[in-house]
Amino acid sequence: NAGVMQNPRHLVRRRGQEARLRCSPMKGHSHVYWYRQLPEEGLKFMVYLQKENIIDESGMPKERFSAEFPKEGPSILRIQQVVRGDSAAYFCASSPDEELFFGSGTQLSVL
Amino acid sequence: GENVEQHPSTLSVQEGDSAVIKCTYSDSASNYFPWYKQELGKGPQLIIDIRSNVGEKKDQRIAVTLNKTAKHFSLHITETQPEDSAVYFCAALGHKLSFGAGTTVTVRA
Numbered sequence: 002n003a004g005v006m007q008n009p010r011h012l013v014r015r016r017g018q019e020a021r022l023r024c025s026p027m028k029g030h031s032h033v034y035w036y037r038q039l040p041e042e043g044l045k046f047m048v049y050l051q052k053e054n055i056i057d058e059s060g061m062p063k064e065r066f067s068a069e070f071p072k073e074g075p076s077i078l079r080i081q082q083v084v085r086g087d088s089a090a091y092f093c094a095s096s097p098d099e100e101l102f103f104g105s106g107t108q109l110s111v112l
Numbered sequence: 019g020e021n022v023e024q025h026p027s028t029l030s031v032q033e034g035d036s037a038v039i040k041c042t043y044s045d046s047a048s049n050y051f052p053w054y055k056q057e058l059g060k061g062p063q064l065i066i067d068i069r070s071n072v073g074e075k076k077d078q079r080i081a082v083t084l085n086k087t088a089k090h091f092s093l094h095i096t097e098t099q100p101e102d103s104a105v106y107f108c109a110a111l112g113h114k115l116s117f118g119a120g121t122t123v124t125v126r127a
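Going down the list, the protein sequences come from chains Y and U. FYI, this note's numbering numbers position 104 of the first sequence as 105, with every residue one higher than the one before it. FYI, this note's numbering numbers position 33 of the second sequence as 51, with every residue one higher than the one before it.
Just chain Y, with the same shape it has in the complex (with noise of 0.2 Å):
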């Protein structure tokens, strides 16, 4: 059984692009958590999500961010026009109820 695959690992993007972030739960989870973390920070949540629903978006910018957990593939966060203060380490988790399993992460830069 695999772990939480995120992808990519590193994603450079200039202000203004878009950032697409991918992350696959572990076999079996139906419960999806995105969460940021800025070095030398804790993990901020973000998202909560369960296949096809959005649980709790409370810890999303109202702008540019948006999350989706579709019935089939992976877990998607998007930045639209993104800025310097984007750059972070975004990290996924699944859960099959409690226990959060996390991904390696992706670390976003925007130049």
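Distance windows between CB atoms, simulated: (1) Y:M6 to U:Q99: 24 to 34 Å; (2) Y:E19 to U:Q63: 24 to 34 Å; (3) U:V38 to Y:V13: 34 to 44 Å; (4) Y:Q18 to U:G34: 42 to 52 Å; (5) Y:K52 to U:Q32: 43 to 53 Å; (6) U:N85 to Y:P71: 37 to 47 Å; (7) U:Q32 to Y:R65: 44 to 54 Å; (8) U:S70 to Y:I77: 32 to 42 Å; (9) U:K86 to Y:V13: 43 to 53 Å; (10) Y:L39 to U:Y50: 21 to 31 Å; (11) U:T124 to Y:V13: 26 to 36 Å.
Computed cross-link-like contacts, DSS-like style, restricted to lysine-lysine with a CA-CA straight-line distance of at most 30 Å: (12) U:K89 to Y:K45; (13) U:K60 to Y:K52; (14) U:K114 to Y:K52; (15) U:K55 to Y:K28.
These are computed hints drawn from the structure, not numbers from a lab. Every residue, glycine too, gets a C-beta built ideally from N, C-alpha and C.
On the provided structure of chain Y, position chain U as indicated by the hints.
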């Protein structure tokens, strides 16, 4: 929402000594408290967890304690080894899993 505070932010210990990290939480409805270890360039890995119906749990050199009345919980690492050097995060599950800011543990050989 849940607010988790973690102390200290950095901890340096001599190999073989013990390390203790403490966390407090605000939501009395929280009932699940995991601890994660994050090594450089990797995602957080669950190392131990405790639920609200238990006061203490131990797994080899790692132990966690929970005081629901005071709303605080702690991680204890005994006989520390260099490979214990990492960033440790506590978390509390209320409506969602909220994390502390992390403790950077350095074990000196």
